[in-house]
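Protein chains in written order, with our numbering: chain A, 1 to 274; chain B, 1 to 277.
These are calculated hints, taken from the structure and not from any lab test. We put the beta carbon where it would ideally sit given N, CA and C, even for glycine. Just so you know, nobody snuck in bad clues.
Examples of chain A residues toward chain B, derived with CB under 8 Å: (1) Tyr-90; (2) Pro-99; (3) Leu-161.
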Amino acid sequence: MTSDAASEPRETSIEIRGVTHHFTSGGRSVQTLDDVSISIPQGQFVSVVGPSGCGKTTVMNMVAGLVTPSSGTVTVGGRPRSQVGRDVGYMFARDGLLPWRTARQNVELGLELRKVRAEERHLASSRLLAKVGLSSFADYYPKQLSQGMRQRVAVARTLALDPDLFLLDEPFAALDAQTRVTLQNEFLSIWEGLGNTVMFVTHDLDEAIALADRVIVFSGRPGRVKLDIPIDLPRPRDVATIRFDPEFRRLSELVWDAMEHDTGIDESTDEVAS
Amino acid sequence: MTAESTVELRASQPTANDEARPAPVRGRGRWALVLGLQLLVFVVAVGGWSLAVSREWLDEFYVSSPGLVWDALVEYFRSGDVWTHGWVTLRSTLLGFAIGSALGVLVGMVFARVPLLDQVFSPYLRAFNAMPRVALAPLFILWFGIGSASKVWFAVSLVFFIVLINTEAGIKSVDRELTTTARSMGATSQQVFTKIVLPGSVPTIFAGLRLGLVYSLLGVVFGEMLAASAGLGQQITSYAGRFQMSGVLATLVILAAISLLLNAFLALVERRLLRWQ
Chain A
1 MTSDAASEPR ETSIEIRGVT HHFTSGGRSV QTLDDVSISI PQGQFVSVVG PSGCGKTTVM
61 NMVAGLVTPS SGTVTVGGRP RSQVGRDVGY MFARDGLLPW RTARQNVELG LELRKVRAEE
121 RHLASSRLLA KVGLSSFADY YPKQLSQGMR QRVAVARTLA LDPDLFLLDE PFAALDAQTR
181 VTLQNEFLSI WEGLGNTVMF VTHDLDEAIA LADRVIVFSG RPGRVKLDIP IDLPRPRDVA
241 TIRFDPEFRR LSELVWDAME HDTGIDESTD EVAS
Chain B
1 MTAESTVELR ASQPTANDEA RPAPVRGRGR WALVLGLQLL VFVVAVGGWS LAVSREWLDE
61 FYVSSPGLVW DALVEYFRSG DVWTHGWVTL RSTLLGFAIG SALGVLVGMV FARVPLLDQV
121 FSPYLRAFNA MPRVALAPLF ILWFGIGSAS KVWFAVSLVF FIVLINTEAG IKSVDRELTT
181 TARSMGATSQ QVFTKIVLPG SVPTIFAGLR LGLVYSLLGV VFGEMLAASA GLGQQITSYA
241 GRFQMSGVLA TLVILAAISL LLNAFLALVE RRLLRWQ
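Put together the whole structure using the sequences plus the hints.
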C-alpha cells in the first residue's frame with residue numbers, strides 16, 4: 001500500500017438516507033429508487049442483490065460520487081458525496097485493461113494518474129502482481145492472458161490505489177465457474193487482511209451470501225430495500241465449500257424467498273412511477 | 001473459452017494461442033517454397049519479355065527489353081541522376097507526408113475534443129474529400145511554381161484528409177469501458193485523452209499513415225510529371241518525350257524501390273508501436 005493511506009486509516013462508513021432517483025426517458029420520468037436507506041459500518045462487506053433494473057448499480061454509483069440522488073443524502077465517512085471520490089476502488093465485470101499496456105503497466109495506471117514516481121510504481125506493481133499470483137506474467141499483454149488472469153490484473157490495479165472503499169459491480173460475472181471460485185477466494189483472503197468497507201453488487205445469490213457479512217435484497221423498479229439480513233458465517237471462508245453449510249442453506253432460502261416474489265415488474269411499479 | 005482452460009492450465013501455457021499456428025518447421029518449409037515460386041515467376045516474366053523482344057514478337061521501341069532497362073539503371077547510378085532526381089522526389093514525398101499527417105492527426109484530435117467544430121466543418125471537408133483531388137494539381141503549380149513547393153503542398157492536400165479521417169475514426173473506436181475505468185480511478189479529462197484515447201486510436205491512425213505515404217509519393221510524382229525542373233516524375237515525362245522506353249521503365253523501377261523502402265520503414269515503426277496487438 002502507498003504509505004500515506006496506511007498511516008491515516010480513513011473512515012468509510014456509508015450512510016444512505018431517504019434516497020430516491022429519477023431519470024427522464026422519452027419525456028417520461030422513470031423512478032429507479034424509492035426511499036432507500038442503508039447504513040454500512042466501517043469494514044463491513046455488504047452484498048446488494050436484486051432483479052435487473054432495480055437500481056442497485058445506481059446506488060453504488062451514488063456512493064462512488066458518479067451519480068447524484070434526486071432526493072436524500074449519501075455520505076461516506078460523514079462527508080457528503082459531491083464528486084468522484086479518490087478513496088474508491090471500482091471494479092466491473094469486464095476487466096477494462098488497456099490492451100497496449102502490459103500487466104505491470106496496467107497495474108501501475110492509477111499510480112501514474114496520481115503522478116507517483118516510477119521506482120515507487122514499480123515496487124507497488126511487483127508486490128501486487130505477486131499478491132495475485134502473476135509475478136511471472138508482469139510483461140505479458142492482456143491479449144496473452146486468460147480471462148481469469150486478466151481479472152486478477154484488474155484486482156491488482158484496484159488494490160494499487162489503496163482504496164478505503166471497494167465498490168464491486170459483478171466483478172466475477174464474466175468468468176467460468178471454476179475460475180470464479182478461485183478468484184472469489186483470492187479476493188476474500190486479500191480483503192480479510194485489509195478490512196476495508198466493501199459494497200458488492202451481484203445477481204448471483206450464492207455469491208452474495210458466500211462473500212458478505214450482510215446481504216441486502218432490492219425489490220424491482222423502483223428499487224426499495226426488501227430484505228436486509230446479516231450473514232453470520234464464520235471467517236475465513238472457503239467459497240467452494242461454504243455452500244454446503246446448513247446455515248448457508250437457511251440464508252439462501254431466505255434470500256431466494258425474498259427474490260421469488262419479484263420479477264422486476266409488479267403493479268406497484270406503475271403506481272409509483274406515474 | 002471452455003471449461004478445461006482453468007487458470008492453472010493457462011498459467012503453465014501462457015501462449016496457448018500458438019497452438020493454432022502451424023508448427024515452425026512446416027512454416028519454414030512453406031516459406032522457402034513460396035520464395036522459390038516467387039523467384040520462378042520473376043525469371044519466367046523477365047525471360048519471356050527478353051525472348052519476346054529478341055524474336056521480335058514485341059517491338060523493342062515500345063516495350064524496351066530487360067537488358068536495355070538494366071543498362072539505363074546502371075547509367076542512372078553512374079551519372080548520379082538517381083541521387084539528384086531521387087532525392088528531390090524523396091524529400092518532397094517525406095515533407096508532404098510529414099506535414100500532411102501532422103496536420104491530419106492534429107485537426108482530427110481537435111475535432112474529437114470539440115464536436116461543434118467537427119459538425120461545422122464536416123460537410124465542407126467531406127465535399128472536398130469527395131473531389132478527385134488530382135484535378136487540383138495544376139492549381140498548386142500555379143500557386144507555388146514549378147519548384148518542389150508545389151509538389152509538397154499537393155501531397156499535403158492528399159495526405160491530410162486520409163489521416164484526418166482515420167484519426168477521427170480511431171478516436172471514436174476507443175472502447176468506452178476503458179475511459180470509464182480511467183475516470184473511476186480519478187483521471188482528469190486531459191489524462192483520459194493522453195493515456196487512453198490517444199494510444200487506443202494508434203492502430204487506426206497508422207492505417208491512415210500507411211495509405212497517406214503511398215498517396216504522398218503519388219502526389220509528388222504526378223506533380224513532377226505535370227511541371228517540374230527535377231525529380232523522378234519529371235524524368236519519366238522527359239524520357240517518354242524522347243521515346244526512351246528503357247529510361248521510363250528504369251525510373252519506374254527506382255520509384256517502386258523507393259516506395260517499398262518507405263513502406264518497410266513505416267511497417268518497422270508500426271511493429272514497434274503496436275507490439276501489443
